[in-house]
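A.B. asks: Sequence:
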Amino acid sequence: MKFFVILLLPFFFSCQNGQSNTASKKNSDTIPIDSVPAKALAGNFSTQTILRFDSSDIPDFLNTYTQFKVYGDDYLKFYSARKYAYAWHQPDGSPIEQSTILYNFVFHIDQNGLPTDIPYPDAYTKLMEDQRRDSMLHRELMITGQYLVYARKVLTGIPEEDSKAVNWYIPRKKIEYTALLDSLLSGNTTSLNRIVFPQYFLLRDKLKEYNDIEKKNSWIAFKADAKKYKMGDSSSAILQIRKKLFYAGDIPGDNESPIFDSVLYNGVTEFQRRFGIKQDGIAGPGVIREMSAPLSKRMEQIMVNMERCRWIPNEPAEKWLVVNIPQFQLLVHSGKSLLWTCPVVVGKETNKTAIFKGDMKYVVFSPYWNVPKSIINKEILPAMKRNSDYLQKHNMEWNNGNVRQKPGRDNSLGLVKFLFPNSFDMYLHDTPSKSLFNEDRRAFSHGCIRVSEPAKLASFLLADDANWTDEKIGEAMNSGKEQYVTLKKTVPVYIVYFTAFVDGRGKLNFREDIYHRDNVLRDMILAKNSLKSAQ
1 MKFFVILLLP
11 FFFSCQNGQS
21 NTASKKNSDT
31 IPIDSVPAKA
41 LAGNFSTQTI
51 LRFDSSDIPD
61 FLNTYTQFKV
71 YGDDYLKFYS
81 ARKYAYAWHQ
91 PDGSPIEQST
101 ILYNFVFHID
111 QNGLPTDIPY
121 PDAYTKLMED
131 QRRDSMLHRE
141 LMITGQYLVY
151 ARKVLTGIPE
161 EDSKAVNWYI
171 PRKKIEYTAL
181 LDSLLSGNTT
191 SLNRIVFPQY
201 FLLRDKLKEY
211 NDIEKKNSWI
221 AFKADAKKYK
231 MGDSSSAILQ
241 IRKKLFYAGD
251 IPGDNESPIF
261 DSVLYNGVTE
271 FQRRFGIKQD
281 GIAGPGVIRE
291 MSAPLSKRME
301 QIMVNMERCR
311 WIPNEPAEKW
321 LVVNIPQFQL
331 LVHSGKSLLW
341 TCPVVVGKET
351 NKTAIFKGDM
361 KYVVFSPYWN
371 VPKSIINKEI
381 LPAMKRNSDY
391 LQKHNMEWNN
401 GNVRQKPGRD
411 NSLGLVKFLF
421 PNSFDMYLHD
431 TPSKSLFNED
441 RRAFSHGCIR
451 VSEPAKLASF
461 LLADDANWTD
471 EKIGEAMNSG
481 KEQYVTLKKT
491 VPVYIVYFTA
501 FVDGRGKLNF
511 REDIYHRDNV
521 LRDMILAKNS
531 LKSAQ
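If you're matching positions, the sequence shown starts at 1 in this note's numbering and goes up one per residue.
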């Protein structure tokens with residue numbers, strides 16, 4: 001993969017959440033889809049054509065600085081397109097200002113949630129300090145090498161085969177980086193906006209805040225002296241709760257009162273919203289557990305989710321769906337606008353929901369449930385041995401050597417399912433078990449995703465077909481007769497895994513790492529970004 005892309009100038013963000021179809025629906029606890037109006041990179045490279053070097057100088061340089069050899073093709077493509085004119089120097093041989101900007105970015109790469117381990121730091125510094133003309137060639141090629149390393153680490157992340165090793169199967173966007181660089185040099189930032197998932201920069205800002213907390217040693221280590229705290233309670237621990245809520249922005253001020261008052265109640269409710277805990281205003285076991293987490297854990301959560309953001313393409317379609325597994329939420333989008341959200345049930349740890357991208361193609365009303373072989377063998381056959389009427393009792397039947405459940409309100413798929421063909425045999429569907437949507441931690445399924453508002457989702461997907469009114473959708477769901485409807489246009493579906501994200505209010509949210517994947521990815525990031533792995 002080629003890595004010719006870099007961010008040299010600051011980005012600014014604007015949240016563009018759409019309005020819910022339901023007036024009372026709140027979208028602020030969801031991952032926002034932001035626009036990134038990047039400043040143009042045009043002019044950041046020298047346009048001079050007087051100073052040139054010989055193509056043979058590149059392999060000579062790479063033989064000296066072998067950690068850059070992996071980028072040999074990129075060097076040649078970049079400089080051959082420039083006819084080997086210096087990119088980082090003025091005609092008088094002095095470095096352009098952007099070389100210093102890049103230098104500062106490289107030596108502060110930790111602000112991007114990455115190790116500070118960079119290649120040849122001493123040689124890089126010496127060449128940047130040495131302004132002599134006879135150092136110009138090595139300085140030029142050293143800057144380009146650092147440019148490429150920074151781009152790979154910050155904007156591309158670990159290789160795709162390694163992200164698959166942590167069960168992430170959303171394909172990376174294939175990009176010709178040298179062509180992208182040409183477009184950026186001409187002032188066209190459209191390509192960059194498509195590549196960089198804006199959530200990345202929002203998390204990076206939050207990581208900086210946590211780094212500042214670490215430097216100032218101002219993290220509050222919370223220690224509870226009770227199992228829960230509620231309105232009217234008084235305790236020295238409540239002082240700590242109040243301070244943590246104030247520093248997190250969950251309450252407007254700290255009156256230093258040890259009494260659990262209405263301000264604290266509202267603050268705890270906001271804290272619960274940000275952590276996906278039932279919002280009852282009581283600082284119970286869930287709140288205490290999350291408040292007791294060390295600073296290092298929060299920083300690692302931000303870091304690993306910044307890495308996941310590097311893998312997400314930023315090309316919103318006309319309609320698209322996102323299911324964030326740890327958040328237990330379906331997010332329904334139109335372009336860059338978030339229209340509405342609803343709770344979902346995902347796979348339990350023994351039957352994990354896969355992380356991948358699919359294209360929604362069919363809505364199936366009054367579906368049969370074709371029971372998977374694994375469930376037949378592990379659950380249904382043993383149940384049939386205990387009760388010969390098991391199939392009849394559960395409205396099931398044999399069908400060509402398999403078991404299926406007939407359409408109806410008691411069908412395990414509910415009254416409608418949504419198919420996006422994939423190798424994991426996963427889909428979205430209704431469910432008769434509505435009470436599960438009231439749980440905080442909704443990992444109960446065999447891997448497929450149960451949707452709390454299936455009729456609304458069907459209406460969204462079929463909105464461009466005038467034949468499918470809400471009334472007709474309701475009739476089809478309750479007909480008892482299976483009916484496949486092919487969408488006029490497929491709708492992208494992203495099943496993702498984010499345990500930290502910034503919501504539409506600009507608030508940092510955390511979720512439980514239900515599949516225990518954060519620490520594995522953290523270790524992989526550290527290993528893949530070490531100098532030993534750069535060869």
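These are calculated hints, taken from the structure and not from any lab test. There may be inaccurate statements among the hints.
Claimed, not checked - Simulated crosslink set (DSSO-like; lysine-lysine; CA at most 27 Å straight-line):
id, residue 1, residue 2
1, Lys228, Lys278
2, Lys230, Lys243
3, Lys243, Lys507
4, Lys434, Lys361
5, Lys297, Lys216
6, Lys357, Lys528
7, Lys373, Lys357
8, Lys361, Lys77
9, Lys336, Lys361
10, Lys297, Lys528
11, Lys352, Lys378
12, Lys336, Lys357
A.B. asks: Work down the list of hints and note, for each, if the structure agrees.
C.D. replies: Each hint tested on the structure:
no.: 1; hint: Lys228 to Lys278; verdict: 14 Å, holds
no.: 2; hint: Lys230 to Lys243; verdict: 16 Å, holds
no.: 3; hint: Lys243 to Lys507; verdict: 17 Å, holds
no.: 4; hint: Lys434 to Lys361; verdict: 25 Å, holds
no.: 5; hint: Lys297 to Lys216; verdict: 17 Å, holds
no.: 6; hint: Lys357 to Lys528; verdict: 25 Å, holds
no.: 7; hint: Lys373 to Lys357; verdict: 24 Å, holds
no.: 8; hint: Lys361 to Lys77; verdict: 40 Å, violated
no.: 9; hint: Lys336 to Lys361; verdict: 21 Å, holds
no.: 10; hint: Lys297 to Lys528; verdict: 20 Å, holds
no.: 11; hint: Lys352 to Lys378; verdict: 17 Å, holds
no.: 12; hint: Lys336 to Lys357; verdict: 18 Å, holds
Of the numbered hints stated above, the single one contradicted by the structure is hint 8.
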